[in-house]
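The listed protein sequences correspond, in order, to chains A and B. Those letters in the first sequence? Residues 1 to 247, by the numbering used here. Those letters in the second sequence? Residues 1 to 105, by the numbering used here.
Do not take every clue at face value.
As the list claims (entries may be wrong) - As a list, the in silico DSS-like pairs of lysine-lysine whose alpha-carbon atoms are at most 30 Å apart:
| id | chain 1 | residue 1 | chain 2 | residue 2 |
| --- | --- | --- | --- | --- |
| 1 | B | Lys73 | A | Lys106 |
| 2 | A | Lys106 | B | Lys76 |
| 3 | B | Lys18 | A | Lys110 |
Everything labelled a hint here was simulated from the structure, so no lab data went into it. Quick caveat: nothing in here was measured; it's all calculated off a predicted structure.
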Amino acid sequence: MDSQVLAAQTSDAPHVEHAHPPYLRHHFATIEQQRETSAFGMWLFLLTEIMFFGGMFCAYLIYRNWYYPAFVAGSHQLSIVLGTINTAVLICSSFTMAMGVYSAEKFNRKALVGWLLATIVLGGVFLGIKTVEYREKWEKHHVPGLNYSVAGFTHIDPEHPQEKPLPLDMAQKTQVYFSLYFAMTGMHALHMVIGITILFFLVAKAWGGKYTSGHVAPIEYFGLYWHFVDIVWIFLFPLLYLISRHQ
Amino acid sequence: MSEQAHQENHEHHIVSPKVYLAIFGCLMLGTAITVAASYGNFGDFNAIVALAIACIKATLVVLFFMHIRYSSKLMKLTVAAGFFTFLVLITMTLTDYMSRAWGLW
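Given the sequences, and given the hints that come with them, work out the whole structure.
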């Protein structure tokens, strides 16, 4: 492709003066500089997200130490099987996203669309399983503020006979556990919903070949966001589901 | 193919699917280990083991899936500074709580 063809691809006049790919913005000298700047900006955004989720993780850490028996009892209500499946699903979706970035870099349009669609499907499966879990919480009256009952924690549950009943004041504190559970998994799920929404737009544009002619950046930076959401879950899963198993 | 696109690919490292597959395998293995470890009773160390495995998994994701291993020094420094600041905030907050009537509420 010579410079005239490149210039012809763009509609506005200034591009004729200095041929460059249409996706190189005028305020950047080179593609490399543009790439570095976008990556820098994306990472700064992700770091603010880490601080945001970090605040909730910190609250969880402190309250778990304060109301330890309540947090243990609350944690025992979660399904390790569903949590493990969801972790595997999310790691798979991170892999398909990474392969999507690879396909875009290799200018393989069909593979890119395929990997992005696989990411959408896996993200949907994750949210579906999360819905099943939320539904169970509602049925067990474990939704603080809307539908909550401490009865399951103050009496011996026939389904979990080995669980020791809690005194009423500590049983009330299980609401703190479930509040943090819903806040953390809910914010995580919201990030997934936003991610899947963006993925639909990316698939549509990828189908038109927008990202497989050198302009990989949007796929790559969306990938960063998607992997970040995966990292949040990598910490949420052990903290919420696993670490209180034996206490 | 335009000259710029070639130049871009020359300077930009493309991570091979083999690396992605290997990291994917490590992450799945890490998940299996962390679930298996949660069924063992290590007392207080259950939480430490789980968080250590989670940190290793997160580091793998950042280095390989998020390409930081192949990025410029500026990016490495930015990410490291961000995580360091995060750790400072968590540590200072916990230090404050622990030094004020910890266990006496």
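* Is it true that the CA of Lys73/B sits at most 30 Å from the CA of Lys106/A? -> Holds - the C-alpha atoms of Lys106/A and Lys73/B are around 25 Å apart, at most 30 Å.
* Hint consistency between Lys18/B and Lys110/A [alpha-carbon to alpha-carbon, up to 30 Å] -> Status holds; Cα separation ~20 Å.
* To do: For the pair supplied as a hint, Lys106/A and Lys76/B, confirm whether the alpha-carbon distance does not exceed 30 Å.
  => holds (25 Å)
Checked against the numbered hints given earlier, this structure breaks none of them.
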